[in-house]
Each structure stands twice: as structure tokens, then as C-alpha cells.
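Line by line, the protein sequences give chains P and G. Position 424, counted from 1, in the first sequence is what our numbering calls 424; the numbers after and before it change by one each time, with no gaps. Position 163, counted from 1, in the second sequence is what our numbering calls 163; the numbers after and before it change by one each time, with no gaps.
The reader is advised that the hints may include incorrect statements.
Simulated crosslink set (PhoX-like; lysine-lysine; CA at most 25 Å straight-line) [said to hold, decoys possible]: (1) P:K183 - G:K215; (2) P:K215 - G:K215; (3) G:K183 - P:K183.
Calculated from the structure, these hints are not laboratory results.
Number of protein chains: 2
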Amino acid sequence: MIPRITIAEAGQHVGETVQIAGWLYNLRRSGKIAFPIVRDGYGLMQCVAVKSALPEELFETIKNLTQESSLIVTGKIRAEQRAHGGFEMDVEALEVIQRVPESDPYPITPKDHGVDFLMDHRHLWLRSQRQHAIIRVRHEIIKAVRDYFDSHGFTLVDTPIFTPAACEGTTTLFEVDYFEDEKAFLTQSGQLYNEATAMAFGKTYCFGPTFRAEKSKTRRHLTEFWMVEPEMTYATLDDVKRVAEELIVFIVGRVLENRREELKRLERDVSKLEAIQAPFGRMSYDDAVKILQTKGSEIQWGGDFGGTDETLLTEDQTRPVMVDRFPASFKAFYFQPDPERSDLVLGVDVLAPEGYGEIIGGGQRIHDPELLLKRIHEHNLPVEAFQWYIDLRKYGTVPHGGFGMGIERCVAWMCGLEHIRETIAFPRMLYRLRP
Amino acid sequence: MIPRITIAEAGQHVGETVQIAGWLYNLRRSGKIAFPIVRDGYGLMQCVAVKSALPEELFETIKNLTQESSLIVTGKIRAEQRAHGGFEMDVEALEVIQRVPESDPYPITPKDHGVDFLMDHRHLWLRSQRQHAIIRVRHEIIKAVRDYFDSHGFTLVDTPIFTPAACEGTTTLFEVDYFEDEKAFLTQSGQLYNEATAMAFGKTYCFGPTFRAEKSKTRRHLTEFWMVEPEMTYATLDDVKRVAEELIVFIVGRVLENRREELKRLERDVSKLEAIQAPFGRMSYDDAVKILQTKGSEIQWGGDFGGTDETLLTEDQTRPVMVDRFPASFKAFYFQPDPERSDLVLGVDVLAPEGYGEIIGGGQRIHDPELLLKRIHEHNLPVEAFQWYIDLRKYGTVPHGGFGMGIERCVAWMCGLEHIRETIAFPRMLYRLRP
Numbered sequence: 001m002i003p004r005i006t007i008a009e010a011g012q013h014v015g016e017t018v019q020i021a022g023w024l025y026n027l028r029r030s031g032k033i034a035f036p037i038v039r040d041g042y043g044l045m046q047c048v049a050v051k052s053a054l055p056e057e058l059f060e061t062i063k064n065l066t067q068e069s070s071l072i073v074t075g076k077i078r079a080e081q082r083a084h085g086g087f088e089m090d091v092e093a094l095e096v097i098q099r100v101p102e103s104d105p106y107p108i109t110p111k112d113h114g115v116d117f118l119m120d121h122r123h124l125w126l127r128s129q130r131q132h133a134i135i136r137v138r139h140e141i142i143k144a145v146r147d148y149f150d151s152h153g154f155t156l157v158d159t160p161i162f163t164p165a166a167c168e169g170t171t172t173l174f175e176v177d178y179f180e181d182e183k184a185f186l187t188q189s190g191q192l193y194n195e196a197t198a199m200a201f202g203k204t205y206c207f208g209p210t211f212r213a214e215k216s217k218t219r220r221h222l223t224e225f226w227m228v229e230p231e232m233t234y235a236t237l238d239d240v241k242r243v244a245e246e247l248i249v250f251i252v253g254r255v256l257e258n259r260r261e262e263l264k265r266l267e268r269d270v271s272k273l274e275a276i277q278a279p280f281g282r283m284s285y286d287d288a289v290k291i292l293q294t295k296g297s298e299i300q301w302g303g304d305f306g307g308t309d310e311t312l313l314t315e316d317q318t319r320p321v322m323v324d325r326f327p328a329s330f331k332a333f334y335f336q337p338d339p340e341r342s343d344l345v346l347g348v349d350v351l352a353p354e355g356y357g358e359i360i361g362g363g364q365r366i367h368d369p370e371l372l373l374k375r376i377h378e379h380n381l382p383v384e385a386f387q388w389y390i391d392l393r394k395y396g397t398v399p400h401g402g403f404g405m406g407i408e409r410c411v412a413w414m415c416g417l418e419h420i421r422e423t424i425a426f427p428r429m430l431y432r433l434r435p
Numbered sequence: 001m002i003p004r005i006t007i008a009e010a011g012q013h014v015g016e017t018v019q020i021a022g023w024l025y026n027l028r029r030s031g032k033i034a035f036p037i038v039r040d041g042y043g044l045m046q047c048v049a050v051k052s053a054l055p056e057e058l059f060e061t062i063k064n065l066t067q068e069s070s071l072i073v074t075g076k077i078r079a080e081q082r083a084h085g086g087f088e089m090d091v092e093a094l095e096v097i098q099r100v101p102e103s104d105p106y107p108i109t110p111k112d113h114g115v116d117f118l119m120d121h122r123h124l125w126l127r128s129q130r131q132h133a134i135i136r137v138r139h140e141i142i143k144a145v146r147d148y149f150d151s152h153g154f155t156l157v158d159t160p161i162f163t164p165a166a167c168e169g170t171t172t173l174f175e176v177d178y179f180e181d182e183k184a185f186l187t188q189s190g191q192l193y194n195e196a197t198a199m200a201f202g203k204t205y206c207f208g209p210t211f212r213a214e215k216s217k218t219r220r221h222l223t224e225f226w227m228v229e230p231e232m233t234y235a236t237l238d239d240v241k242r243v244a245e246e247l248i249v250f251i252v253g254r255v256l257e258n259r260r261e262e263l264k265r266l267e268r269d270v271s272k273l274e275a276i277q278a279p280f281g282r283m284s285y286d287d288a289v290k291i292l293q294t295k296g297s298e299i300q301w302g303g304d305f306g307g308t309d310e311t312l313l314t315e316d317q318t319r320p321v322m323v324d325r326f327p328a329s330f331k332a333f334y335f336q337p338d339p340e341r342s343d344l345v346l347g348v349d350v351l352a353p354e355g356y357g358e359i360i361g362g363g364q365r366i367h368d369p370e371l372l373l374k375r376i377h378e379h380n381l382p383v384e385a386f387q388w389y390i391d392l393r394k395y396g397t398v399p400h401g402g403f404g405m406g407i408e409r410c411v412a413w414m415c416g417l418e419h420i421r422e423t424i425a426f427p428r429m430l431y432r433l434r435p
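Bound-form chain P, shown alone (with noise of 0.2 Å):
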């Protein structure tokens, strides 16, 4: 029995015959020789078919194959610096499964394809090498983001999706008819739930899909998107601030440790990510908007960030940048106030080096009970929805604090993305919902 490899254990088995099975990714032949290259999702390997040495209609199999036929290849491994992956094989038998025929090809050829055409064939666009690469750097970071959680005393707890009341305004939120005449919205946030099992736990995060009626085509926005959510009691604004800046130092450090290939085929300047380390620039809001506006922005004090002012804010810092105390006038109600100024919010935004953007928002939770209500009341929030969260506030309330960070968004930045759609591998988006 031939033992069945992956392409990645290629190296542990040179000089033994084996079998990889894949498809056909790409294929040069002359007339003695043929070198058709396998994918088979862990990596690529370019074998090699001598007419001489094979029966002659397999030989001829070989060279007629089309791209994307599935395949198995029985063959010996060979070190050879000048091959993808540093390895060939020599071909010794080949079955295929499906040739795909020449009158229905893969629709996906080295050719330039339009954004529209690939994103129609998104199921089948994952397969490039790209692609492949952005999905892998995804998972990493998914995985990066778990282990920091899951080490340093954070107990995972999974907050609904189906919510009967909305964490920030309802313009943007999706609604779903919920058996008879009740309707549910889908979670833009776990926080006000964390904010509970927080008081339960010590430290917990949430960390699934979250979503977003945003009507507006940005290459920042997805309808649907991941989210992770620590929330931490007994825990500061300085504290919130403090995990923020060691989970992405954590992260950008895996994924250079892990993913280097990855990032190569993707043409990012690994020095960029390189230079991510502790501690991050640090600015207040009220700085934030003088530096906008000697730098052209439109911003007035009082105004939150737009896009552009985020990208002004960062593209030329080499680290992310961490703005903190905002207006309580365009934040949700339930953060803290400072208690040096009563017209700013213990508010922090991590904004991405490199132009990129927010990747984190996050802060300090009020804990006062009387001072929640009353921000209940001037922000006309409907009382009785919110008793369970007023009730955090009565029964042991502490000082208590924690953020979200957008998966997506991290995904762009570490792979240095012009835009969100690739950073998952279904993207849902305001004209997308196929396939």
C-alpha cells in the first residue's frame, strides 16, 4: 500500500514513493516530457512525466490533462531547490478521477477576470493561490486571537445572535420575523451580554458573526462580519487599552511566525508587520482632530472620524495608533464619562497603521446605576428592554471595561488588502449575497 501524503509533508519523505491527491493547477509539456503541477490545498508540486518511462497512453493522459482535473499521482519525492515548495516528484503512475473537458474548461484561467466575474465564482476563485493564501492568514489570526484569550484567564462565552433590542441605534439593523408577531434583530454586538457573563466569569469574550444593514458600497463595510469581544471587570480604560495593544503585538507575532510564505505570495512588506511591537502611539481625541486638521481634514471637534480622517490619522505611523476620551455626544450611551472632563467618554479607538482603519473600538462601561439610567433616558432607550442590563448596575456593580475587533479588518491590514471582500471567503455585502 502506497502511503497518501499532503503536499506539505513532502520533505519527510524524500526518496520513498508516495501519492498526493489534488488537481491539476498548471501543466508545461514538450514532446519527451510533461510537468504537471498539483494543488491539493496544502500546497503545490510540480512532478514530472518522462514519455520514456511511462506506458505510452498514460503519457499521453498526462500531457492532455486540463486545469482543475482531479487526480491522483503516485510518484517518488525528490529534493530540487528550483521547484515550488523545494520538492518534485518523479511520476510513476497517475490516475484520473475527472478530466475536465476542453468543451466546459475552469472557468478561472491565469487571464485577468473582472472583480464580478470572480466574485460570481468566489466558490471556485478560492482555489487560487491568493486566495489560498488570505483564508490561511484568516485562520491564524482566528487562532492567534482564541489562544491569547483562552491563556490569559478569559473564558469564552458565546452571546446570542437573535436579540430583542439594539446595542447602538437601529438604522443599520436587520430584522427577523420571530415566530408569531415577534421580531428579533440580529446581534450588532456582544457587549451589553458580555458585560453580564463578565460579572460571572472575571473575564469572558464573545467572538462570532455579527451584522450590519449598511447601505452604503465602502471596501471597508461587510454586512456580515466576525467579531471577537473581551470584556473584563474590576478592569479600566488603561487595562482595556493594555490587551488591546499585547493581543494584536500577539497576533501580528504569529502570523509572521507561522504564515511568512503566506504573506510572500501575497507581495506584503513583511517589515511593515515587523515593526508592529508595544507600545503603541498614543493620542487623545482632542489631538487627533488638531493633527486633522493641519492636515487638510474637514473635521470640527465634536465630529467623529470618518474614513479618510482614519486613514490621515495613520499613514504615516509605522505602529497602530490608539485615540482615546471622545465626545459623549456622538458615543453610545453606556460608556464611562472622564472624570477630568465631564464632556469626554472613556472611550479608545485602535486605528490600524498604514491607512487601514479601525480595527479595534472599546472602553470603559459605566457602572453607576443612576448614571445609566439616566443616559437611558437622554438617549430615549426604552427602560424596561435594558432592565436586565440596569440590574448589572445593582447587584455587585464594578468598574468594568472591554472591546470589539473586527476579523475582517485585521485580515486587510495583515495581508495588505485594497479591500474587505477577500478577506472572507463568502462575503456578504449590499448587491452580494451569491453564492
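Once you have looked at the hints, place chain G on chain P.
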């Protein structure tokens, strides 16, 4: 500066003066001594406050503490075999962050409460020792699942929540208005998308919330539940069964390794979990029906198992049971037919022992494009909507298969719970959307 520790770290600080930040869990007292038991999310610590050793006012404060009041205790850690966790703290100082007033006390007391009351107070109920244990076992299970797949060559590829078409029937779908006149459905399974990603990566898994508009009230169903779904190319039903078995053994091993304390608190008979080893019981659907009939079930050949049937099949089993080769008539359109019997398909269900029901469902998928198209027609499914799925059989199709494992079912089984509502922080059911 006195170091702040979690109660879980007490063993590393014996003889030292440290701080614990938490909430009052319970209080015993006499005239000259008080024993506040503090919870901090990591454990319970019995503190010892001696009147003669403390300022009079502080001792009075401690004596009159109320349940769930938030506090920071400073004191020296001492080994004490009789205490919960093996340590006690001799109180040197205590700061009350918030005292819960007697006039509005913490609503959940050691006395019995009805389930509806507890579910209405789920945001507080999670602080109880029992709920705490369940959520920590859940976290362990999820981490084990991810570690298993991450270390066995599977790439995580998140599949979309918003889907345009139904995977299995439409009667239990939640519908969402997706911008101007478009309808989206909340995913019931990532499988179809997994088949696309597995063709790109060899082996993949998705892990996220799934939704079922289940109108029945049962103790095994939620409307929102988490599912992990691996998919493998160049794989057959036997591979699917092998991975399912390995995964379950791996998870149970991790839970036993790291969550003994929690299982004990749940009064789980640990010997039942220690018995979970490969090989699991294996039987065909044909044989399962015969066994059920001898046990008094009304089931006839061709009918699907009910919850009672699942219980009957496993109540006397010490290991999970894998039932395979089901009638095609009640299985989804994508199942690969049994080459030996055309009325059967290569599906497999894994039933937990002790009557906990189905935890895994999966099988081998159709890889022949003609047959898939035939089945799509037979099931009256819209070909156009499935074109991308058919594409997977046109461009390098290969035998492949996978399964879905419901996390809440696993938690219920491993924790020994009667009802699935306790397996997730904020369960969503027919009449339960709050808090």
C-alpha cells in the same frame, strides 16, 4: 503595591498577602468571627475575618455584607484542606465597591426557584456555581474541537450566515429582509459551502451559529445553536466515521483532563465519560430498526428515528453508537447512494450514550454531476440557485464527505444535563428571546 490575584492562583501565593477582587457568594458569622466566601469568576475563597484583628467598623461592615456585593479583599493566603479549593484567606483589609441593599436584594437565593424565573434572570443566574461549571465545560469542548481540527490539517473557513437558498427544506428557515426586496435565510448548515472550500483546501471546517425555526418545544432543540462542520475531499463514509470517532474521544479526553472539578460540581458520573473510547458501536439502519422494534418502538423500515428511538438505541450503551446507511427517502438530496443498495445512502448518525440522542449527522456526498442534477430535479430544487454547487462536480469532482456536530448536544451529554437550555449562556427557544 499588594499583588492582585485570581482565586485560581491562590496556591502560588501561600503565606503572602494578596488582593482578591470579586463578589460575596455567601457569609457565615458568629459574634467574633465572620467567614465571607468570595467568588471572582475563577473560584471560591473562604475568607476569615476576626473581630479582634480588625478595626471595629470594618468588622461590622463585613458582618453585614449582602449576597453579590462587590468587594476587594486583602489578606494572607493559608493552606486549609477543609476549605473549598484548599485555601483560606485571613482578612487584613476589605473594600466594598458596592453593597447590595437589603431593600432590593440579589434576586437569586440558595432556595429553589422555578425555571422561568431563573431563565428570566439568566444574566444573573450565570453567576451560580452550577451554570459556571457548565459554561466552562462548554468552553473546554469548543477549544478541544478547534484544537483537534487545527492539528489535523483542516483549514478553518467560516461559511456565511446569510444564504440565498435552503440546505434542507424551507419550513424551519428564518427569513431576513436583505435590502430592497431581496430575501435572505439564516444558515442551517455550512455544508454546501464547506464542499466548495474543501475542494480548495483539501480539508476544511466551519464553526459558527446555525438557526432552525423549530416550532416544537423539546428539551433537545434551540432555535440558535452552534455547530462545527468538517468536510474532507478524497474521503469516503469510512473516513467520516473515523474522524467523528476520533474527535469525540479527543474532546471527552480533554474535558476529563481539564474539567474534573466542574464535572464533580455537576455531579456527573465521570466513569461514564471515562468509558468513551474507540471503537464505538456500529450498526446499519436496517439493524437499528430491528433492535428498536424488539424494544417496542413503532418505527417501520423507511421511517426516521424520533427522539425516543435515539434514546432506546443508546440507553444501555456505554459508548456512542454510529448508525449508517439510511433509506434515501428521508435523507437530503446530496447523499451519495450506497453502491451495494440503491435504496440506501451513505449517511451516518452518531448517537451519544445514556440516551442523549444524536450529536453528529453526516456522510458521503454525491460527487457525480449527472446524479446530483437528477437528485436536484427529483427534490424540486431550483437548479439555478444550485449552479455553483453543481460546478463543484464539473471542475475536478472527487469523493468527499463530512459531518456536523451540535455543540449544545455535546455539552448536555458531557455535563449530564436534562435540558439543552442550560448549555448556552443565552438560549433562544420558541418562547424565549430574552434577556
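#### Entry: Non-conforming hints, listed in increasing numerical order
2
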